[in-house]
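2 protein chains.
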Amino acid sequence: MSTHPFDKALALQHSDIRAGHFTGATSPDYWNMVGPFGGVTAAIALQSVLLHPDLLGTPIALTVNFAAALEAGPFDVQATPVRTNRSTQHWTVQITQPGTGGGAPNMTTTATVVTAARRQTWGESDLPMPADVPPPEQVERFSIGPSGVAWLDRYEMRPVSGGIPSRWDEDLRHSESRLWLRDAERRPLDFASLAALSDVFYPRVWLRRAKHVPAGTVSITTYFHAGAAQLAEVGADYLLGRAVGQQFFNGFFDQQAHLWSRQGVLLATSNQIVYYKE
Amino acid sequence: MSTHPFDKALALQHSDIRAGHFTGATSPDYWNMVGPFGGVTAAIALQSVLLHPDLLGTPIALTVNFAAALEAGPFDVQATPVRTNRSTQHWTVQITQPGTGGGAPNMTTTATVVTAARRQTWGESDLPMPADVPPPEQVERFSIGPSGVAWLDRYEMRPVSGGIPSRWDEDLRHSESRLWLRDAERRPLDFASLAALSDVFYPRVWLRRAKHVPAGTVSITTYFHAGAAQLAEVGADYLLGRAVGQQFFNGFFDQQAHLWSRQGVLLATSNQIVYYKE
Chain B
0 MSTHPFDKAL ALQHSDIRAG HFTGATSPDY WNMVGPFGGV TAAIALQSVL
50 LHPDLLGTPI ALTVNFAAAL EAGPFDVQAT PVRTNRSTQH WTVQITQPGT
100 GGGAPNMTTT ATVVTAARRQ TWGESDLPMP ADVPPPEQVE RFSIGPSGVA
150 WLDRYEMRPV SGGIPSRWDE DLRHSESRLW LRDAERRPLD FASLAALSDV
200 FYPRVWLRRA KHVPAGTVSI TTYFHAGAAQ LAEVGADYLL GRAVGQQFFN
250 GFFDQQAHLW SRQGVLLATS NQIVYYKE
Chain Z
0 MSTHPFDKAL ALQHSDIRAG HFTGATSPDY WNMVGPFGGV TAAIALQSVL
50 LHPDLLGTPI ALTVNFAAAL EAGPFDVQAT PVRTNRSTQH WTVQITQPGT
100 GGGAPNMTTT ATVVTAARRQ TWGESDLPMP ADVPPPEQVE RFSIGPSGVA
150 WLDRYEMRPV SGGIPSRWDE DLRHSESRLW LRDAERRPLD FASLAALSDV
200 FYPRVWLRRA KHVPAGTVSI TTYFHAGAAQ LAEVGADYLL GRAVGQQFFN
250 GFFDQQAHLW SRQGVLLATS NQIVYYKE
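Protein chains in written order, with numbering that gives the first Met the number 0: chain B, 0 to 277; chain Z, 0 to 277.
Please note that a few of the clues may not be correct.
It does not matter which identical chain is meant; a pair holds if it fits inside one copy or across any two.
Derived DMTMM-like pairs: lysine to aspartate or glutamate, alpha-carbon spacing no greater than 25 Å straight-line [as the list claims (entries may be wrong)]:
{"id": "1", "residue 1": "K276", "residue 2": "D75"}
{"id": "2", "residue 1": "K276", "residue 2": "D168"}
{"id": "3", "residue 1": "K210", "residue 2": "E123"}
{"id": "4", "residue 1": "K276", "residue 2": "E123"}
{"id": "5", "residue 1": "K210", "residue 2": "D75"}
{"id": "6", "residue 1": "K7", "residue 2": "D53"}
{"id": "7", "residue 1": "K276", "residue 2": "D131"}
{"id": "8", "residue 1": "K7", "residue 2": "D125"}
{"id": "9", "residue 1": "K276", "residue 2": "D125"}
{"id": "10", "residue 1": "K210", "residue 2": "D15"}
{"id": "11", "residue 1": "K210", "residue 2": "E169"}
{"id": "12", "residue 1": "K210", "residue 2": "D125"}
{"id": "13", "residue 1": "K210", "residue 2": "D6"}
{"id": "14", "residue 1": "K210", "residue 2": "D131"}
{"id": "15", "residue 1": "K210", "residue 2": "E136"}
{"id": "16", "residue 1": "K276", "residue 2": "E139"}
{"id": "17", "residue 1": "K276", "residue 2": "E184"}
{"id": "18", "residue 1": "K7", "residue 2": "E139"}
Derived by calculation from the structure, the hints in this document are not laboratory data. Model, not experiment: these values are computed from the prediction.
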């Protein structure tokens, strides 16, 4: 069996694993327009923590700041456990690329990660899955044809509502999308792919304005609400994703995203702030 | 005129301002139960960036990870501009305290900040202020009497709904609060105080369960949707705050918060993930 493209994209080598230093290379499979799909960059930052031998527990929170687009080629990841408590652990991560002409490394990405050894407690959801959503089998798959945007082909997306506008007619509308999604080539859900899936929602400003303005994520924060057992229950099945914009002001807007299992378990909540023009 | 307690709490000295190294001391005025009020710690992290001579623009995003409670006493803040682009800037911040017995410094807080030079653009809100809220003058001020929790006395809170349960009867309910709030001692709103105000909402698990379990914020992310002009328009007036829980699972839950000006301008959106027991 060949390696899944996501696992290829996340492949990290280590020269000194205890020092948390890893090397990898950008993946053409997940290329976006001017750099890798941000979700994969977020997943790589998380993966460096998950590979570290000092890891305590499972991911709780991940913040990734996209300081600059990665260029195609090799990169370095430095994961540092800056504080380990009895049941929680705090990490900083930085992704850099070699500087041109032997210059200083190029800082492309900063991240912080919180991991924790969870304990069984009371639990409840105040964010139930939308009730009026048809099952994925009844929803048509989104296809934009040969877009030249490689990462879009790595996901199977079945928009229930709020699909990408087919006409850019600048007709003001809402900013909410609901869609079923999973890896196009089946792959059991794990924390890294959940981190990536949290970033698949296209910029809300395009939907809100039905206008295709330049836009790009500046920072994303994802909270994980699942342990290994909850992820295993999903396997390679669809997740229901929902994304909605919040405030659009002078060049930046924020959007939230929620990801439920088909059974209605809220696995991740995510927020991002996005640069936009005009 | 005496210095406002918030400005005292945020007072930072610098030995080498270009190196981004500052020193300060915890404030008894904003003491919580086992450390300073997290909102003030977040504000201090932001303030170190705002004081830095290399600052570009105004705050867009702030993530603060509470790795350990600060102890009463002095602390060090290191603010580092890790990447400066044409219109955005990325920062890392760490707060440490001197180690005991001359040991290694104690890492208490990590943070990342994005700042940017905003440009005037199209704008809109998809998160309007709740329409059915009486003005602050018609809402009674929250007072819990001598609580021994100093920071609570620094804010004037007027809960419209979802006040802290008066009886811990474990009656399951919703997790939403709406309240008017401002500094008890008037102070014009700025980015630092907006960062602090984003963290005033008590743990949603207390409301959801009407049960007072141990709980503490692990990580908070705040997005700023205002420039200096929008803050100046607020002055020292009330903000309407709304907080609601999302997912409660095995020891951690997340809650979102929104802060509007009285005129209905959404100034900040914030999310945090909170540790809880039982």
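Legend entry - Violating hint indices (sorted, rising): Of the numbered hints given earlier, those the structure breaks are 1, 5, 7, 8, 10, 13, 14, 15, 16, 17 and 18, listed in rising order.
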